[in-house]
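One line per chain: the protein sequences are A and B, in this order.
0 is the number of the first residue of the first sequence in numbering that gives the first Met the number 0; add one for each residue after it.
0 is the number of the first residue of the second sequence in numbering that gives the first Met the number 0; add one for each residue after it.
For the record, the hints were derived by calculation from the structure and aren't laboratory data.
Ideal Cβ positions, reconstructed from N, Cα and C, are used throughout, including at glycine.
Among the hints, erroneous ones may be present.
Claimed, not checked - With beta-carbon atoms standing in for the labels, derived distance ranges:
1) A:Pro-187 x B:Glu-115: 19 to 25 Å
2) B:Glu-115 x A:Leu-403: 31 to 37 Å
3) B:Leu-430 x A:Ala-10: 56 to 62 Å
If you want the building blocks of each chain, they are given just below.
There are 2 protein chains.
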Amino acid sequence: MIAEQITLDRASDEGLSRQLFMQLRGLIEDSKLATGVPLPPSRKLASTLGVGRNTVISAYEQLTLEGYLETDGRRGTRVSKATTGFVRWKDRKVDPVQNKAPLRLSIHGRRLIANERPVNRLPSCFQTGLPEVRTFPHDLWARLLRRAARQLLSRPELGGYDDYVGLPELKRAILDHVAISRGVVADPEQVIILSSAQASMDLVTRMLLEPRDMAMHEEPGYGGVLACLKAFDADIRPIPVLDPQTYQRLHESIGEQETPRLIYATPSHQFPTGRVMPLEDRLSLLEFAASHGAFVLEDDYDSEFHFSGAPISCLQGLDRNGLVIYMGTFAKSFMPSLRVAYLILPPALVEPFGFGLRNTGAVPSHTTQLALASFLEEGHFKAYLREMTRVYRERRDALYDALLETCGPFLKPVYPEGGIQMPALLTDACLKAGWTDSLLADRLTREGMECSALSSLYWSGAWKPQQGLFLGYAASDVDEIKKGVERIARILSDETP
Amino acid sequence: MIAEQITLDRASDEGLSRQLFMQLRGLIEDSKLATGVPLPPSRKLASTLGVGRNTVISAYEQLTLEGYLETDGRRGTRVSKATTGFVRWKDRKVDPVQNKAPLRLSIHGRRLIANERPVNRLPSCFQTGLPEVRTFPHDLWARLLRRAARQLLSRPELGGYDDYVGLPELKRAILDHVAISRGVVADPEQVIILSSAQASMDLVTRMLLEPRDMAMHEEPGYGGVLACLKAFDADIRPIPVLDPQTYQRLHESIGEQETPRLIYATPSHQFPTGRVMPLEDRLSLLEFAASHGAFVLEDDYDSEFHFSGAPISCLQGLDRNGLVIYMGTFAKSFMPSLRVAYLILPPALVEPFGFGLRNTGAVPSHTTQLALASFLEEGHFKAYLREMTRVYRERRDALYDALLETCGPFLKPVYPEGGIQMPALLTDACLKAGWTDSLLADRLTREGMECSALSSLYWSGAWKPQQGLFLGYAASDVDEIKKGVERIARILSDETP
Numbered sequence: 000m001i002a003e004q005i006t007l008d009r010a011s012d013e014g015l016s017r018q019l020f021m022q023l024r025g026l027i028e029d030s031k032l033a034t035g036v037p038l039p040p041s042r043k044l045a046s047t048l049g050v051g052r053n054t055v056i057s058a059y060e061q062l063t064l065e066g067y068l069e070t071d072g073r074r075g076t077r078v079s080k081a082t083t084g085f086v087r088w089k090d091r092k093v094d095p096v097q098n099k100a101p102l103r104l105s106i107h108g109r110r111l112i113a114n115e116r117p118v119n120r121l122p123s124c125f126q127t128g129l130p131e132v133r134t135f136p137h138d139l140w141a142r143l144l145r146r147a148a149r150q151l152l153s154r155p156e157l158g159g160y161d162d163y164v165g166l167p168e169l170k171r172a173i174l175d176h177v178a179i180s181r182g183v184v185a186d187p188e189q190v191i192i193l194s195s196a197q198a199s200m201d202l203v204t205r206m207l208l209e210p211r212d213m214a215m216h217e218e219p220g221y222g223g224v225l226a227c228l229k230a231f232d233a234d235i236r237p238i239p240v241l242d243p244q245t246y247q248r249l250h251e252s253i254g255e256q257e258t259p260r261l262i263y264a265t266p267s268h269q270f271p272t273g274r275v276m277p278l279e280d281r282l283s284l285l286e287f288a289a290s291h292g293a294f295v296l297e298d299d300y301d302s303e304f305h306f307s308g309a310p311i312s313c314l315q316g317l318d319r320n321g322l323v324i325y326m327g328t329f330a331k332s333f334m335p336s337l338r339v340a341y342l343i344l345p346p347a348l349v350e351p352f353g354f355g356l357r358n359t360g361a362v363p364s365h366t367t368q369l370a371l372a373s374f375l376e377e378g379h380f381k382a383y384l385r386e387m388t389r390v391y392r393e394r395r396d397a398l399y400d401a402l403l404e405t406c407g408p409f410l411k412p413v414y415p416e417g418g419i420q421m422p423a424l425l426t427d428a429c430l431k432a433g434w435t436d437s438l439l440a441d442r443l444t445r446e447g448m449e450c451s452a453l454s455s456l457y458w459s460g461a462w463k464p465q466q467g468l469f470l471g472y473a474a475s476d477v478d479e480i481k482k483g484v485e486r487i488a489r490i491l492s493d494e495t496p
Numbered sequence: 000m001i002a003e004q005i006t007l008d009r010a011s012d013e014g015l016s017r018q019l020f021m022q023l024r025g026l027i028e029d030s031k032l033a034t035g036v037p038l039p040p041s042r043k044l045a046s047t048l049g050v051g052r053n054t055v056i057s058a059y060e061q062l063t064l065e066g067y068l069e070t071d072g073r074r075g076t077r078v079s080k081a082t083t084g085f086v087r088w089k090d091r092k093v094d095p096v097q098n099k100a101p102l103r104l105s106i107h108g109r110r111l112i113a114n115e116r117p118v119n120r121l122p123s124c125f126q127t128g129l130p131e132v133r134t135f136p137h138d139l140w141a142r143l144l145r146r147a148a149r150q151l152l153s154r155p156e157l158g159g160y161d162d163y164v165g166l167p168e169l170k171r172a173i174l175d176h177v178a179i180s181r182g183v184v185a186d187p188e189q190v191i192i193l194s195s196a197q198a199s200m201d202l203v204t205r206m207l208l209e210p211r212d213m214a215m216h217e218e219p220g221y222g223g224v225l226a227c228l229k230a231f232d233a234d235i236r237p238i239p240v241l242d243p244q245t246y247q248r249l250h251e252s253i254g255e256q257e258t259p260r261l262i263y264a265t266p267s268h269q270f271p272t273g274r275v276m277p278l279e280d281r282l283s284l285l286e287f288a289a290s291h292g293a294f295v296l297e298d299d300y301d302s303e304f305h306f307s308g309a310p311i312s313c314l315q316g317l318d319r320n321g322l323v324i325y326m327g328t329f330a331k332s333f334m335p336s337l338r339v340a341y342l343i344l345p346p347a348l349v350e351p352f353g354f355g356l357r358n359t360g361a362v363p364s365h366t367t368q369l370a371l372a373s374f375l376e377e378g379h380f381k382a383y384l385r386e387m388t389r390v391y392r393e394r395r396d397a398l399y400d401a402l403l404e405t406c407g408p409f410l411k412p413v414y415p416e417g418g419i420q421m422p423a424l425l426t427d428a429c430l431k432a433g434w435t436d437s438l439l440a441d442r443l444t445r446e447g448m449e450c451s452a453l454s455s456l457y458w459s460g461a462w463k464p465q466q467g468l469f470l471g472y473a474a475s476d477v478d479e480i481k482k483g484v485e486r487i488a489r490i491l492s493d494e495t496p
């Protein structure tokens, strides 16, 4: 009896008709209701199950629509011929290939994710790359979002596919800001809006680099861009940023016939050393790029937070040859979860990269863009940056001083002129005690003080990595920083690696 | 005299000190202030320019910070040695290679954007892929956004990098919805959240396909996935969806030793024909995929709008072998500018694809995700879908009837059982009059009635394309539809191609 295999839950969110549909379908798929078997008339099944006749009719209709039942006036409703497929399914003992066989990812995919590890994040006072979120003007932002969403009442076209690579309002607001604060020289049309800096790096890489094209990357350097370069099989050459002569000698680091295609740089605050690229190095880099027809990818990720004077003007404004691709993001200056970043492109790249972005689809919502444009235009962003620069300067000092005072024998902090994180090198004493930066970073992470090991930011194998911790200070207040450093000090003095 | 080359605008938004800095910098970069040239004492320049001394000191300090000036106690401030680079710059007549030489994009990039054209969009009553935005509950959404943004006051961790591939709240809400409305069988952990369907297709392609791996795609079929497949150099084989036997004979369309890796399908409403894939074809497709260890990419883009009965259950819920990758999007059911889509992955793909997404960065803001979760959980989405299904059914009927009545001799509409667009085939009479669907679509686009030509959705060259228009009806009310069809009729009867 079919009815005996049906159990309906009157308390469920799912309607009775839907439940009946799902269960009958299950019986058919499991071949418990075989092909050709007639179903009871709706009135009869309804009466047996204690439901309304329409409930059964509805379920039968949907099953018919989906091909499980067929109705022939004379012969009533029966399980359709199409369902013989389920029998074959059951008998075939289909080898669930994908579930049991080793999963084959593409080489591109494997390279893209090669450095990923599962994230088990406890809140950490030294997490790098994380700005302060607790004192963000959430109320104000909430009001701006609401206002922006309501704009669609009078401008419904904002809800569609127009302006796919960025709303003009936001492009203009960004440009107005960076022209003054960063010295960018460009028109709004050169700006495209993306969902993240990672999406920016991915777009630039895939639009410009052939497999085995040469790309030059900083060492130690940022892993995010490395993943993209590896995935697209670039021939990646290191720029040893700790060597003060590096940028004067770029031509010596490649073969005579070789031509780099893309050069990645973080000139405002080198990631991770914090070094500010001096003017002579900037000019050398641009000359080098120009002589090879290479693009420079300038990642200006946290330049807004500069503690001595105004932020240093960017490379893009210095360039006269349309060679610099400028990357900006709101992840550090606003908050990471906002998911808005941008590229300011040389004129020749604007159309092709816009087309490319239409096909990668890494773009933020229009409401978010509108609200952000207001946040910039109304002066809130500038005020927030001023306030946070003051706060971050204070926290940098707190971390630096605390490290010197309490971890002095073991860690030597490197004083950054800006940004939201600092390196702290392991001293000889620390190394002699058996610590490596990886061991120490792991130990601290297990204590809930997640931070990075500097050596993990070396990637070419050409140099012996400096051993050091890489500590964020932006997301913790002065008290939390001091307590955190005390815990580090205790671990270093009381424990063995 | 330096002062003669400086012009300060007291009315500008840009501070005087910043203006002075920028102009002095410009003089140095243009070599009008040569290396080694001393600058006037700050008090003197301030007096000559009529500004405060601090204004000049500030500008000098920033120029020193940036490397343009150097200060030597005895010799005062002069243009630094680093600036010799600017002289070399000027003399070198650097060939602005990137501006003048033909731009070299990667082959990948060129394939990715091969079908793009500049968009000059006038509002169009027949634009495909566009849902109605004017009657969307913008006020409600605005309130939900504000509420979501204010949640960060008590949960600041939402502002950081946690839950990068999707907030658990949204994953659960999506799954609760699609389990019932689409018959999806999965756990919330199998859901990842992206910024668009395009980003989903891009991620799937790059994580699974090696260059020249075989992918099978519908013909006529969606161009967005084609761009990704081409960019990653897949060997793309067509599935001729107009042949009713196609899915029963998939094995005949490839060589004996050949193995497809990925099969793209739009089973709910085939794009563009609107055909609903019957049960027997679904079972055949899944068997075919299982026998080859191929993944099926199910694009369920506008399945929610089904006009006869409930939407047909999806392929993912039918599969028992972890072979179906389910793509969903809120672009049609909510609005395109929201930029939220999702993948529901077989368990084996969850971790690697999550890692992949962390490196492509195509993710939406947390505030948007939270608000959307509420929109779903509080029943607003279900109510909105019900209402819009009613509206779109009405508009489908209006367009279908109007085309029959007024364009009958020339266009034969194809009645869709769901979705937001319909094909209308060109009749023999229309073709004899000299029209092709491209000519007609172009003509209509110039009239502000942008629509697609069906033949543009053919891509393999293996079949002669059906000639037809592809007309959206969701974004226009019944009146606008009728008026639009009258204009089409006039063009067809009064004009020559």
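Margin query: Tell me if the beta carbons of A:Pro-187 and B:Glu-115 are separated by a distance inside 19 to 25 Å.
Written below: Since A:Pro-187 and B:Glu-115 have Cβ atoms about 21 Å apart, the given range 19 to 25 Å holds.
Notebook entry, point to check: Can the suggested window of 56 to 62 Å be confirmed for the beta-carbon pair B:Leu-430 and A:Ala-10?
Noted result: For B:Leu-430 and A:Ala-10 the Cβ distance comes to about 60 Å; the hint holds.
Next item on the list: Look at the Cβ atoms of B:Glu-115 and A:Leu-403 and judge whether their distance stays inside 31 to 37 Å.
Entry: At roughly 56 Å between Cβ atoms, A:Leu-403 and B:Glu-115 fall outside 31 to 37 Å, so the hint is violated.
Violated hints amount to a single one, hint 2; each of the other numbered hints is respected by the structure.
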